[in-house]
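> Chain by chain, the residues:
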Amino acid sequence: MICDVLHPGQLATVQDDGRVGHQQEGIPVAGPMDRMALRVANLLVGNDEGAAVLECTLVGPTVRFDEHTLIALTGGDLAVTAGTVPLPLWRPICVPAGTMVSALAAVRGCRGYLGVAGGIDVPRVLGSRSTYVRASLGGIDGRALRRGDRLPIGNPTELGRRIANAVAGDRGRDRVTIAHWGTSTSLLPRYASSPVIRVVEGEHTTLLTPESAQQLWSSEFRVGAQSDRMGYRLEGATLALKAPCEILSEAVAFGTVQLPPGGNPIVLMADRQTTGGYPRIAEVASVDLPVVAQLKPGDRLRFRAISLAEAQRLYLAREDNLRQVRAAIALHHH
Amino acid sequence: MRLAPLGDRALLVHLGTSIDEATHRLVRAVYARLAAHQVPGTIELVPAFASVAVHYEPSRVPADVRGREQRSPYERFADRVRAVLADVEADALPAPRTVEIPVRYGGADGPDLDAVAAAHGLRPEEVVRLHCTATYRVYMLGFAPGFAYLGGLPEEIATPRRPEPRTAVPAGTVGIGGSQTGIYPIVSPGGWQLIGRTALRLFDARRTPAALLAIGDVVRFRALAADESLDLAPA
Numbered sequence: 573m574i575c576d577v578l579h580p581g582q583l584a585t586v587q588d589d590g591r592v593g594h595q596q597e598g599i600p601v602a603g604p605m606d607r608m609a610l611r612v613a614n615l616l617v618g619n620d621e622g623a624a625v626l627e628c629t630l631v632g633p634t635v636r637f638d639e640h641t642l643i644a645l646t647g648g649d650l651a652v653t654a655g656t657v658p659l660p661l662w663r664p665i666c667v668p669a670g671t672m673v674s675a676l677a678a679v680r681g682c683r684g685y686l687g688v689a690g691g692i693d694v695p696r697v698l699g700s701r702s703t704y705v706r707a708s709l710g711g712i713d714g715r716a717l718r719r720g721d722r723l724p725i726g727n728p729t730e731l732g733r734r735i736a737n738a739v740a741g742d743r744g745r746d747r748v749t750i751a752h753w754g755t756s757t758s759l760l761p762r763y764a765s766s767p768v769i770r771v772v773e774g775e776h777t778t779l780l781t782p783e784s785a786q787q788l789w790s791s792e793f794r795v796g797a798q799s800d801r802m803g804y805r806l807e808g809a810t811l812a813l814k815a816p817c818e819i820l821s822e823a824v825a826f827g828t829v830q831l832p833p834g835g836n837p838i839v840l841m842a843d844r845q846t847t848g849g850y851p852r853i854a855e856v857a858s859v860d861l862p863v864v865a866q867l868k869p870g871d872r873l874r875f876r877a878i879s880l881a882e883a884q885r886l887y888l889a890r891e892d893n894l895r896q897v898r899a900a901i902a903l904h905h906h
Numbered sequence: 018m019r020l021a022p023l024g025d026r027a028l029l030v031h032l033g034t035s036i037d038e039a040t041h042r043l044v045r046a047v048y049a050r051l052a053a054h055q056v057p058g059t060i061e062l063v064p065a066f067a068s069v070a071v072h073y074e075p076s077r078v079p080a081d082v083r084g085r086e087q088r089s090p091y092e093r094f095a096d097r098v099r100a101v102l103a104d105v106e107a108d109a110l111p112a113p114r115t116v117e118i119p120v121r122y123g124g125a126d127g128p129d130l131d132a133v134a135a136a137h138g139l140r141p142e143e144v145v146r147l148h149c150t151a152t153y154r155v156y157m158l159g160f161a162p163g164f165a166y167l168g169g170l171p172e173e174i175a176t177p178r179r180p181e182p183r184t185a186v187p188a189g190t191v192g193i194g195g196s197q198t199g200i201y202p203i204v205s206p207g208g209w210q211l212i213g214r215t216a217l218r219l220f221d222a223r224r225t226p227a228a229l230l231a232i233g234d235v236v237r238f239r240a241l242a243a244d245e246s247l248d249l250a251p252a
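Residue numbers (the numbering used here), protein chains in the order written: chain R, 573 to 906; chain F, 18 to 252.
In isolation and in its complexed conformation, chain R is listed as follows:
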């Protein structure tokens, strides 16, 4: 099956669960900005949860499948329609062959995910289909979608076929059908446009001046215009260290908050480099990374410190939620 790209949108890329295992070669992980959205999009269409989906940013794209297809939309709300039918998030949806699926513009959040039963079947590069534009890896020739691209779609799993049959049912395959069930929002990240982001202390948090430490926890930061898949530049309070600090380049993580000499923190995101040499003043709790991923330039955020043990407790609880979603879908389509 083929998915035709009629309009590429602002920045739509193929992403799977990331290019893991090559960071010692300096190769970034890339992968989804909102990993929870990617995983749920796949579960709703019966895929392995790390299969390749489309990550769509702010505006567009418009695509068309050449066969009756089971899809799911998750993450940010880009006001997606199939023909004239507005589509909900977090539910399996069947669209007939030839229907135009269009993402108009973000009404909530920043990044929408389009999962397709069978997954997007572009070739793996270094073990992953994730697009990393800076080194032209993965996806379609290592770049964002363009008009006229034809995305190969893999074969749906047995579970995917059962979900599709249940959703389309006897209502036929010539109209858009939406499942009566979906993922409960209580299991999902708490998306918000001015969120409080939970972080654990970084290794260099204690090097901040007392005023800067206080500002880190009390002031509001704005997501800068220069923010992208690599990192979010935060504007607002300018933070300073008690003394200049020489740090040897070493590994960084998704959610590491670095402090460059200019004093404006940077939150490292999916396309981050593997290593960095700036002080690390905080680390975003993994459960709140999807919330950060849905912020747009101009949105605001605050930080709140939690303990590492608490961050990991929340993480394990989130993983349990996903297990529940997976088990419930499998059970109902047995």
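Worth flagging that the hints you see were computed from the coordinates, not collected in a lab.
A few of these clues could be false.
[Unchecked claim] Selected chain F positions facing chain R (in silico; Cβ < 8 Å): (1) M18; (2) P22; (3) L29; (4) Q55; (5) P57; (6) E61; (7) F66; (8) A67; (9) S76; (10) P90; (11) G124; (12) C149; (13) V186; (14) D221; (15) A222.
Note that the Cβ used here is the ideal one computed from N, Cα and C, for glycine as well.
With chain R held as given, fit chain F onto it using these hints.
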């Protein structure tokens, strides 16, 4: 050796505070040990100048033995890392590989060679000779796919970066930035002084491994004659 969390899904093993041969050997020994005796839950390892990072999946870290109050995944994981590294020694490292990089210096390949020479009161040939005589060590990879941080640049040719970075430096370009030298693996913006270029592919996604250089490698540069073709350089 000091362990510290790097967020809630990674841990850093700190092995020193400076870039030197002893620390580097310990990094390699720890990296080799953690690769050979993977602690359950490990996703991948990232060695650097003076540390090795272990990215791990908290939900896959084995539970404590029964009867004990469950500690956090980090505490459990760190304990196992410590146990694996308890008797690690830098003595038993395999001999390093030597990689020769043929470089065409100066001209369009190295537009800053003359400026580097002038900055040190040297002739361009002397800069090339010094750059080729030294033996370099790959201390780590990072910054870009296949980019190797090389130690060993002769102090006589250490040169500050350019005030204005270039927007696109071609892949294979050899540069000097401060006391470091390196090779741009992919076309990228860059502020280093560009002195030459190699036809070797420092990064090739179709190759395994994709990076030409690995931590611990010994690197030497060899000057190609001006009339020698860059593309005919031995791979």
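> Taking the numbered hints from earlier one at a time, note which ones the structure violates and give those numbers from smallest to largest.
1, 4, 5, 11, 12, 13, 14
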